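Student: Below, each chain spelled out in residue letters.
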Amino acid sequence: MHIKYESFVREPLVDGNKDYHQVSEDIIGPIEGKPGRMWYVGFFFSIILLLYGIFSVGWAVYWGLGTWGVNRTVGWGWDITNFVWWIGIGHAGTLISAILLLFRQGWRTGVNRAAEAMTIFAVMCAGQFPIWHMGRVWDGFWVLPLPNSRGPLWPNFDSPLLWDVFAISTYFTVSLLFWYSGLLPDFALIRDRAKTKLRKMLYGLASFGWTGTAKNWQRMEALALVLAGLSTPLVLSVHTIVSFDFATSVIPGWHTTIFPPYFVAGAVFSGFAMVNTLLVLTRKILHLEEYITIGHLEAMNKIIVLTGSIVGVAYLTELFISWYSQSWGEMAAFQWRIMGPYWWSYWAMMTCNVVSPQLFWFKKLRRNIPFTFVMSIVVNIGMWFERFVIIVTSTYRDWVPGSWSYYSPTWPEVGFYLGTFGLFFTCYFLFAKYFPVIAVAEIKFVLKTSGDNYKRGMEYIEAKSAEEFLDEVHASHDDHDAAH
Amino acid sequence: MSQKQYWSGLEDLNKINSHTEVEGNEFKEELPFDLSDSLFGATTPRRDFLKFLGFSTLAATLVASCEMPVRRAIPYAIKPEDIVPGVPNYYASTFADGSEYCAVVIKTRDGRPIKVEGNELSSVTRGGTSARVQASVLNLYDKARIRHPYGDNAEVTFASADRAIMEGIGAKPGYLVTASVLSPTTKDVIAQFLAKFPAVKHIVYDAISYSGMLQANEACYGKRTLPTYHFDKAKTVVSLDADFLGTWLSPVEFAKGYSKGRKISAKEIKLSRHYQVEATHTITGGAADHRATCRPSEIGKVAVALYNAVASGTQPSLSSKNLNQLITKAAADLKAGNGMVVSGSNDVNVQMVVNAINDKIGANGITVNWTTTSNYKQGIDKDMAALVAAMEANEVGSLFLHGVNPVYDYYDNKKFTSALAKVPLTVSFAERMDETAQKCKYVVPDHNYLESWGDAEPKANYFSLMQPGIAPLFKTRAMQDSLLLWAGATQSYADFWKDYWMKKTGSQENFDKALQDGVIEPAGEMAIGGATFSGNIGDAVSKIQAQPAAGKDVIELVVYQKIAIGHGGAWSNNPWLLEMPDPITRATWDNYVCVSPSHAKKLDAELTGFSEVDSKKRVVTVKGANGYSVKMPVIVVPGMHNDVVAIAVGYGRDKKVGRAAASDETKGGKNAYPFLSYNGQNIENHSAVTITKTEEKYDVALTQTHSSYEARPVVHEYTLEEFTKDPNVLLKERGKEIAEFSTLPWIEEGKESKEPIVDTATEEGYRVNGTLYPNYPYEGVKWGMSIDLNSCTGCGACVVGCMAENNISVVGKDHVLKMHEMHWIRIDRYFSGMADEPDSIQTIFQPMLCQHCDNAPCENVCPVSATNHSSEGLNQMAYNRCIGTKYCANNCPYKVRHFNWMDWNGADCIDDNIYEDGRRDDINDDLTRMVLNPDVTVRSRGVMEKCTFCVQRLQEAKLAAKKEGHPMHDGAAKTACQQACPSDAITFGNVKDPSSKIYNLRKHEQMERTFYVLEHIHTLPNVNYLARIRNTEELDALNENKNEFLKYHI
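Those protein sequences? They're chains A and B, same order as listed. One point on numbering: in numbering that gives the first Met the number 0, the residue at position 32 of the first sequence is 31, and numbering is uninterrupted. One point on numbering: in numbering that gives the first Met the number 0, the residue at position 950 of the second sequence is 949, and numbering is uninterrupted.
Since the hints were made in silico from the structure, they are not lab data. Every value quoted in this text rests on a predicted model; they were computed, and no experiment measured them. Ideal Cβ placement from N, Cα and C applies to all residues, glycine included. Do not rely on the hints blindly, as some may be mistaken.
A few chain A residues that face chain B, going by a derived Cβ cut-off under 10 Å, partial list only [as the list claims (entries may be wrong)]:
#1 162
#2 166
#3 322
#4 406
#5 410
From the derived model, a few chain B residues whose C-beta atoms are all more than 12 Å from chain A [claimed, not checked]:
#6 327
#7 724
#8 754
#9 758
#10 854
#11 991
Throw the hints in and build the complete structure from the sequences for me.
Tutor: Next up, the structure:
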């Protein structure tokens, strides 16, 4: 009988022959060098999209929201659909960094930095929609409970939209702090390796004078835990509160108590899919396959199939309850959702979100990178349709048939959406160029326990029989004792 | 004063130079600003940076807070005696558009008319109005009005035009063509003119002809006139293609009377019965209890069948079973007495048969009044035909046209146009460069009626005076003044008019009273009398029978008037009316071909499915027998006869008629008048056409996509039988929805009853216990509205009345297409029945406005509390506070909140971003903006708005009562929609006042018919509806609950 150093299900978290220096070289190297051609091309297109988005928004602000397709019956269209979609995507990062940290999931180290960055950028994108969907955006600051000379006049604390303001701004702040505090040791590392003055200065500033002392580490670990503790409820609360926008209303299809868990599951679902999309590209472009391993992607895919199934159950529950309630409003809302003029959006959602993720039950497919990539996009298309289905296909045929209408987006709405892609990818490209996309310090932390070469270093021990190993242990203990 | 001097130091005392300099400098220290030229080149110190930051933030704040560009408001230098700023003046007057008549009261603010209301003192229209009457004030400020006289299409002075015209009227025969003249003084003026120029004759031409009826009445009763119809006295009304609630003769008057017979309560169950036979689907058909369709050419045979059934009990054998059944039933009801038959046909023979039926059933003298006759229509088609023939033959030397536009609306307008060119002197009195005026040598523009003195005699001995609400805006002159002048009279028309009425009324006092009241009427009830029928009925019947029946495949086209646009005229250019959704089709801004659902299928157009939401409608080519052909989109209208199509007149106007009316290939519709036909005696509103499908599509802006109410408790309707059997049927239905929640869940009392009936206690219990939140105790005034679905005819007067009162923006076709229309009150129209069987279609109208919910879903979702509840039960909007999230609109179950999607009216803080589409833009012209009600904010872009219950009127009523020191009387505050309604469907008042009408209606009189829309979601609306009771056997709508759901579905 042989003993095992570690369970065989524990795959190495870092492949290849790595030592601390190699890790620094692999991850910090791209920051120090010139970016590749693909980076420039990608960055250029992102900027173009961003500018187009700014133009589209400017157009709507100047001429009015009538340039959009939303109307008296469907008051929210692509704007809030995209808001909820981006916010959902923004869930993965914090979930990975906070909840997985609390659960001591070592594999998070490979993906958490990029995922958190994605979260922050996604929340930034999401925030644009509730801002620019306002008819008088210049008065938008009235939602803030600022002391004022207008009475004083306070916002309406009963309004779920106001809760959104608090939930999202809190989430954004905490996520940003969490992300940034993790970046400190890595910035210090870049600073220490820097060969140009400017870089040394900028990264020096960014690293807040990190010196790597034990006190530094102790404080950072403590902060990480505190922030993890803070963000964990936030991961659950943000989308819960977003779902309140709908759940507290009186519109059939919105007025649903299942929404909070359903929204959170959907958010994790779409967030993980987005992380997969980005990681597959990042590992390829920055040659980080050894840090973001297939094992990482598989772990993500497992969560996708789990949350996808939760979402599927939620969809079916909604259908069941609408029948079980025997409430005509509910039944009709789902009838029109499934068979009305928007039938295609419902079925697109069902196919992308419920049916296709089930393929991840096959290990081969979970570990197939092109398939993972395609699925990650399919899932996000599905999740976009989910939000569209909830928002538009509830209001378009609500209580009074005389008011029913239809909705199609116009170019400024599509442009706004594309613009947020521009914003997202502009940020992401800058991040990939100037920030360590993988948490160097954390990788080093797990390297000697979970690195491939270190695990292989144990093979000679594992090759021994149990007795032999025991003898050796005793012998070394004896030697030890003898030395005394 | 002491000469004592104080000094601060020796420098001061001795006035040392350097000190004086320092003293003059207010800021002695070095200023922290870097004001040197090097500022922008210099490195910016931190403090400067902060300063710039502060400055730019301040600047941005200032820019952001200047919401409204400042507009000049110039006060009066010398205040006119009777104008108090902020206080409106009212002047009784008369609305007259050719033959259309309504007694009105003009509301003026600061000397400009801003609203027209019905005059309640008139016993003809009794305070009712129509959409057009409500919109007429906008015509006054129409930018397309002519601003000076024209001669040969160039500006001339009145003097030069007068000279030329007087010289031009030669000895050759001339004609003065007018629309029906209701005014006695105008008739006198015309007589003076004709006396001066004996060669000139006066003929009357009505674009919508009633010549057949006039001739039939002459043949039957010896009087070329129209009777007065007393719909209020009729137990049975049979209408053969007469849209008497919408467009036939005098709809306001008829709607008032008709609605009296439609009022029903559980306390007094009685209801008139209305049979309608029609080819198209009108709002009158929608109001009917029994409805069947026929071809327009068959209406004569239907009349004959009814005559035979009434006279001899003959079984009808018409083209459809439904028609036969309807005729049999109608005949039986008519024979029971108090019946009335009306027909919209312009065929003399048909009208003679109708007269014969009315005679047979004894209607004359009871429901059809031949003593007090009506003057609405006077035109005889033959006269006009003769005139055109004379013009063609070069026999006409001069032609004067007032209130008519034959180049546009004559059935053979081409012939008229070419004949017009042969007349040496042509003079038009048009108020705009319409199609005919453009072709006239001289245009001597007449005033708008709101600028005119005048009068009307709508019925024999029932007079109504017209007085101006404003001095003429442009260089226009009353037509009567022109005629008097040309006739050589020295007196102006105003003086002539005053003399006339002074003489008639007898004294200054009486004259003043008449002018103040606006009407001069005989005392007491209207005199009613019959007449002896002496028509040759046998001849009429045989002529009708001799008409060949239309072939099976022949498609007949009906030319009809839209409720909003009517015959055309100035209305074609009225943006309020163009944007008012047609009651039946719910379409705006265009005309189109109305086609039945089964016919539409052949043309590749559908009523339901995706076609509902697709604004791109199939275009077809419609070709008339005379070769006239138009390409138009198809609108599918259930209830149309399957072989009949219909096109509305009033569209396809020339671009000089106005920007909103202007038509071309892409907008403005097509002219349908050339589809009229002339049978040698009368112009008929139908003709045979061929229809061919094209592959083109055209956007039609509809405001409603779905036509069925899906048997939802949004609308409640019952048959008279159901309601008679169990008057509590609605209360039981409501009980099923709400009784369960009217007591707390742990209280068992009162729960055992299987069929709970809603009563006041249940309602109160539901209000308090249906929510977790505490109940707000309303004290003092609480406003409430009740809308009777039995009375509402869908005519749209309320919609336009609301637009006028509340400065509702017109958004234009492109934005109606996007469902961005702003109407605070809309009239939902629902069909039920089988789409393929036009006779099965039942229609119901439901005015929908803000329900002012006491538990309003919109209020709690607004993040900034811009919408909130008043202590009087009003759901209010603070426009200034609104940031435009649209959350409230989403959460409104009734979808009555309207967002200012664009800068409709220039009221937002960005200059130059006003929305323009080329058609609606005149609405923002400085001239047109004079119509705005200064009591109501013009909402800026980006804010939500909705019905306020006319809060400005409520405030005014409360303040008036307070000033006079008494509690507000019931009826002191009226909403604009309520006031506009010709059928008194809307009741409004203080629901806390036990003496108020609304209180009694809800709690006693109409308790059994009262319901609230979507009551079960606990919104607690302050608007209630009264269930529709149909005097018929079967309700189609309820079939939708049965198994054949899909079969019955519309």
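Student: With reference to the structure, classify each hint as holding or not holding.
Tutor: Hints and how they fare:
1. 162: holds (9 Å)
2. 166: violated (13 Å)
3. 322: Cβ of residue 322 (chain A) sits 16 Å from chain B, so the hint is violated.
4. 406: Since chain B brings a Cβ to about 8 Å from residue 406 (chain A), closer than 10 Å, the hint holds.
5. 410: Violated: closest Cβ of chain B sits about 13 Å from residue 410 (chain A), beyond 10 Å.
6. 327: holds (35 Å)
7. 724: Label holds. Min Cβ-Cβ 25 Å, cutoff 12 Å.
8. 754: At roughly 19 Å from the nearest Cβ of chain A, residue 754 (chain B) sits farther out than 12 Å, so the non-interface label holds.
9. 758: holds (25 Å)
10. 854: Given a closest Cβ separation of 10 Å, the condition is violated.
11. 991: At roughly 27 Å from the nearest Cβ of chain A, residue 991 (chain B) sits farther out than 12 Å, so the non-interface label holds.
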